[in-house]
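**Q** Chains as they are written, first to last, in the working numbering: chain A, 613 to 805; chain B, 114 to 446.
Please keep in mind that the hints were generated in silico from the structure rather than gathered at the bench.
The structure displayed is predicted, hence computed values, not measured ones.
No false leads were slipped in.
Mimicking DSBU-like on lysine-lysine, the simulated pairs with C-alpha atoms at most 30 Å apart in a straight line are:
hint : chain 1 : residue 1 : chain 2 : residue 2
1    : A       : Lys664    : B       : Lys426
2    : A       : Lys787    : A       : Lys683
3    : A       : Lys695    : A       : Lys787
4    : B       : Lys186    : B       : Lys154
5    : A       : Lys695    : A       : Lys683
6    : B       : Lys154    : A       : Lys683
7    : B       : Lys154    : B       : Lys182
8    : A       : Lys706    : A       : Lys695
9    : B       : Lys154    : A       : Lys664
Label pairs and their calculated CB-CB ranges:
hint : chain 1 : residue 1 : chain 2 : residue 2 : range
10   : A       : Cys755    : B       : Gln419    : 48 to 56 Å
11   : A       : Ile670    : B       : Val168    : 16 to 24 Å
12   : A       : Leu649    : B       : Pro391    : 38 to 46 Å
13   : B       : Val441    : A       : Tyr653    : 22 to 30 Å
14   : B       : Ala340    : A       : Tyr653    : 23 to 31 Å
15   : A       : Pro799    : B       : Ile135    : 53 to 61 Å
We put the beta carbon where it would ideally sit given N, CA and C, even for glycine.
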Amino acid sequence: MNNSADSSSEAEVSSEFPYLEDESVVAVQRGPEPGGLGGAYRAFGETLRGLKTTFARIVEGPVTIQYPEEKTPVYPRFRGRHKLHRFEDTGLEKCVGCSLCAAACPADCIRVVAAENDPEDRVSAGERYAEIYEINLARCIFCGYCEVACPFDAITMGHEYEIADYNRDDLIFTKEMLLAEPLERTPLRREGE
Amino acid sequence: MTLPFADTNFAEATWILVVKSIVIFAVIFAIVPVLTVVERKVLGRFQARYGPNRVGPYGLMQPLADAVKLVTKEHYRPRNAIPILWPIAPALVVFTGVATLAILPFGDVKDGVGFYGIDVPIGILYFFAFGSIAFYGLLLGGWASGSKYSFLGAMRAAAQLISYEISMGLALLGAIMMAGSLSLVSIVEAQHQVWYILPQFVGFLIFMVAGFAETNRAPFDLPEADAELVAGYGTEYGGMRYGSYAMAEYIEMFVISGVAVTFFLGGWHGPGPGWLDPIWVIVKIFAFLFLFMWIRATLPRVRYDQLMSLGWKVLLPLATLNVLVTAVLVTVT
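Build out the structure end to end from the sequences listed, making use of the hints.
**A** Rendered as structure tokens:
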């Protein structure tokens with residue numbers, strides 16, 4: 613009974629108005645009518661305004677950074693390729709081979725093999741040092757957890773971002789590579805820039 | 114009362130005509146590559162970037178690299194393409210474009226040589242005739258490709274031609290009536306006091322809008338419409354055949370600018386000695402070409418029905434009104 617009443621009312625409504633009353637009808641939004649002379653004048657004026665806008669871009673000049681010659685400056689806290697550090701006075705490595713960075717690494721891309729320091733010929737300031745320290749940059753996600761985990765600030769995230777290479781094997785950076793100063797310094801963004 | 118035909122008082126020797134046609138060819142084929150790189154650079158500046166700047170000093174060798182790339186491309190022909198018409202179409206477009214250049218006056222008659230290809234008595238009708246044939250190039254190319262996008266582009270080109278050629282002719286009619294001649298040289302000579310852009314400003318605007326449609330440039334590049342039709346009539350073309358279409362577009366731009374300069378900006382008239390005349394024409398033409406690029410950088414492509422309604426409902430009545438008013442004024446004064 614309920615059904616039949618519904619269908620009859622539906623038929624009633626649809627004969628006058630093609631939509632059900634409770635159905636939400638979306639009104640179509642249209643732009644203003646072009647209009648005769650006023651519309652033409654408006655179109656002409658808007659065209660001129662557009663021309664002014666584009667010409668202002670010429671006056672401003674290009675904002676392009678000519679990449680291979682010019683580099684995008686990075687922020688001081690930018691997380692680029694890792695760097696290993698030495699003490700500046702003694703020249704000893706800060707890394708003591710504790711492997712905390714390897715433990716913290718979510719991508720599991722750090723490999724540390726520690727060895728005992730020879731007291732005659734010390735490599736690091738601590739009891740042990742990293743005999744092998746490798747970072748597989750193909751897997752690294754540059755999260756910076758290794759930097760946070762390191763108790764001696766031996767590893768930090770540098771600013772270098774041009775790491776692309778032709779071979780995956782070449783992306784495994786050894787300790788010597790991580791200790792070396794980068795050939796070219798990445799420009800740093802100034803305060804407030 | 115002078116006849117509305119050009120009074121070409123002298124006949125030039127055949128060898129002069131041959132030399133002139135060679136010069137016109139050389140000049141246009143030197144200007145088109147420059148135009149392509151200038152357009153890309155200017156467009157870049159409009160979009161706050163540099164544009165091509167890698168090949169050669171300031172990227173000026175870019176057209177050379179483009180040409181080498183286009184020429185050495187594989188010649189590919191779709192299976193559905195109609196054998197003879199398909200390769201002819203792009204050639205037709207270039208041919209008509211270059212042929213139209215012949216009537217553009219770059220200067221007066223000096224030392225028995227006119228600084229124009231030829232001063233045809235029917236003048237501007239020659240331009241319209243070849244402009245219509247140029248559209249056959251698009252139409253044939255689109256139809257003979259045997260692809261749906263090409264065909265749609267060709268249909269649009271045809272409809273666009275019909276809608277805009279009439280307004281274009283009527284827009285020029287005002288200037289023709291004021292000059293009392295169809296010859297482009299006489300029309301320029303008639304502007305030695307005042308350029309027709311002032312008394313014929315409405316005609317000038319209509320001509321420019323119709324000219325944008327005629328050259329298939331933004332915002333009326335519907336036959337190409339790369340957002341909807343891949344590349345319209347040019348979809349199936351590659352290599353230098355595609356290059357011909359691109360080149361023809363620039364030649365047509367140059368021609369339309371040249372006609373606009375001749376009819377509304379006083380052609381070779383300008384301060385300075387007589388030998389500066391061709392320079393003035395070139396400078397004015399380049400100002401128009403800059404306008405073409407400026408508009409392209411600014412306006413979005415119009416919808417197809419907008420294009421049609423603009424042509425038939427706005428430009429045509431306006432152009433007719435302009436012709437009527439000019440006719441009355443010319444008769445009264």
